[in-house]
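> All chains should be built: construct the whole structure from the sequences, respecting the hints.
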Amino acid sequence: MNIKIFHGFDDVLVEVSLALIPLLVLFVIFQVFFLRLPRNKIIDILKGMALTFIGLALFLQGVHVGFFPVGEHMGSIMGALSYNWILIPVGFVLGFVATFAEPAVRILNHEVERVSSGYIPHRVMLYTLSIGVACSIALSMARMLLGIPLWYIIIPGYLVALVMIRYSSKTFTAIAFDSGGVATGPMTVTFIMAISVGAASVLEGRDPLLDGFGMITLVALAPILSVLVLGLLYQRGEHKGASHDQS
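FYI, the numbering for the sequence shown is 1 to 247, going by our numbering.
For the record, the hints were derived by calculation from the structure and aren't laboratory data. Be aware that one or more of the hints could be misleading.
[To be verified] Here are the in silico distance ranges between beta carbons for each label pair:
no., residue 1, residue 2, range
1, Trp151, Phe34, 38 to 48 Å
2, Gly181, Val160, 17 to 27 Å
3, His110, Leu233, 19 to 29 Å
4, Ile86, Val160, 33 to 43 Å
5, His73, Arg166, 12 to 22 Å
Just so you know, these numbers come straight off a predicted model, no measurement behind them. Beta carbons: idealized from backbone N, C-alpha and C, even for Gly.
Structure representation (structure tokens):
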């Protein structure tokens, strides 16, 4: 095993510890004064926290030694090509698969299906979010290649979202804005952002700080729009069904 894989792992362990210790302290306080859970339940929770600690530490170390370097290398290679427009379709595919594999997205989708009693299937939500993020990554790559300012896309995008809220149901509005935060998870941020920064670093006239970043903002916007569109499609289907029943 290459020992360089674990270079800086001690710093990662400290960071994860500082993130999880406050949660553990809060749990102990609530357990003593409010929850009073049985012993076997406490043991299960502590086991879960231990697995979370190990998983987060290994994941973050993998990001440092794997995701970031590979993503930046891929971005710099594609950005230096004479046909660097290939970043757009590649970004679409990577955005789709990264969201499809995002753990937080799957948890949200299952919760939506459970709370809605199957009215909104988790697979419908999964494909809706994956396609939305894929489109946003492709748009972000096109923005970087063409040098389009970020606010030319962000402001109209959120204005469209606000207009769609007027015609969407409260249920889909709430789900949409939660989806925007969930989609910007570790898979998307760690890998695809690295590709964007790597490509911006080799494109002529592009600044990695100005053009490489901003992608995550588009990723947060895309699920909001895609879920609101899904809500409008649901409403349209319900209206058609009601009209058919009346006739």
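> Now tell me if each hint is right for this structure.
Verification of the supplied hints:
no.: 1; hint: Trp151 / Phe34: 38 to 48 Å; in the structure: holds, 46 Å
no.: 2; hint: Gly181 / Val160: 17 to 27 Å; in the structure: holds, 19 Å
no.: 3; hint: His110 / Leu233: 19 to 29 Å; in the structure: holds, 21 Å
no.: 4; hint: Ile86 / Val160: 33 to 43 Å; in the structure: violated, 28 Å
no.: 5; hint: His73 / Arg166: 12 to 22 Å; in the structure: violated, 45 Å
Checked against the numbered hints given earlier, this structure breaks hints 4, 5; the rest are met.
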